[in-house]
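As given, the protein sequences belong to chains E and Y, one line each in that order.
Note that this note's numbering has the first sequence beginning at 1158, numbered continuously upward.
Note that this note's numbering has the second sequence beginning at 105, numbered continuously upward.
Since the hints were derived computationally from the structure, they do not count as laboratory data.
A couple of the hints might just be wrong.
Unchecked claim - Okay, derived cross-link-like pairs now, EDC-like style, lysine to aspartate or glutamate, Cα gap no bigger than 20 Å in a straight line: (1) Y:K153 <-> E:E1260; (2) E:K1235 <-> E:E1225; (3) Y:K204 <-> E:E1171.
Unchecked claim - Under 8 Å between C-beta atoms, here's a sample of chain E residues computed to sit facing chain Y: (4) G1199; (5) D1243; (6) Q1261.
This structure is a prediction, so every number in the text was calculated from the model and none was measured.
Glycine included, each C-beta is placed from N, C-alpha and C at the ideal position.
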Amino acid sequence: EAGVAQSPRYKIIEKRQSVAFWCNPISGHATLYWYQQILGQGPKLLIQFQNNGVVDDSQLPKDRFSAERLKGVDSTLKIQPAKLEDSAVYLCASSQTSGSWNEQFFGPGTRLTVL
Amino acid sequence: AQSVTQLDSQVPVFEEAPVELRCNYSSSVSVYLFWYVQYPNQGLQLLLKYLSGSTLVKGINGFEAEFNKSQTSFHLRKPSVHISDTAEYFCAVSLDSSYKLIFGSGTRLLVRP
């Protein structure tokens, strides 16, 4: 079974530029998560989708971050404009459903460096 | 609000020695507890989980953890570590109502020959 796929694996941009990350969850998984992992910290949930609807985006900085999950499969996370403090690893995870406990499977992440 | 504390940022240990990675949490409601492992340049992998039942849970790769409600702890243990156990270990909690994961800051386990 294929795991969670993410691209690109690495991205370097200058502040005030925009960037987008892509995630393809495990086939059949209804729930998709985006986490931000700053160096030296644990992952922090940015947004959670159930199919193509948003379940929780309380920690998403909505003035610069946006995410979508069209058709309830792939998802894109965008940052516009980027700030230095956005340098982090962005992890995507998926699970079968959010209605009960189901294991979250994580992708390898995208490491973003903002100069 | 729920939070997770991993006091040890790095734990060095010799190969074949026992190890304990500490995790304490704060919550006023029932929680689920987890340990994840992150190898370099890889995503997180679930080591073990406590949802209910026996307070001693066994996971993959010979790891185990014990849920102690009175001390609000969920320490991870392994009786004999291998070089391949070198990685970052994250403790996490989840409310039984939302299943949202809240992670600690992580502990880097460094196994030396």
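Tested hints:
Distance hint between K153 of chain Y and E1260 of chain E is fulfilled; the C-alpha atoms sit about 10 Å from each other, no more than 20 Å. The hinted pair formed by K1235 of chain E and E1225 of chain E meets the criterion: a straight-line CA distance of about 9 Å does not exceed 20 Å. Taken as a hint, the K204 of chain Y and E1171 of chain E pair is broken in the structure, with Cα atoms around 32 Å apart against an allowance of 20 Å. Nearest Cβ of chain Y to the Cβ of G1199 of chain E: about 3 Å, under the 8 Å cut. The hint holds.
The closest approach between the C-beta of D1243 of chain E and any C-beta of chain Y is roughly 19 Å, which is over the 8 Å cut-off, so the hint fails. With a cut of 8 Å, the hint placing Q1261 of chain E at the interface with chain Y holds, because the nearest CB-to-CB distance is about 7 Å.
The structure does not agree with the numbered hints 3 and 5 stated previously, though it agrees with the rest.
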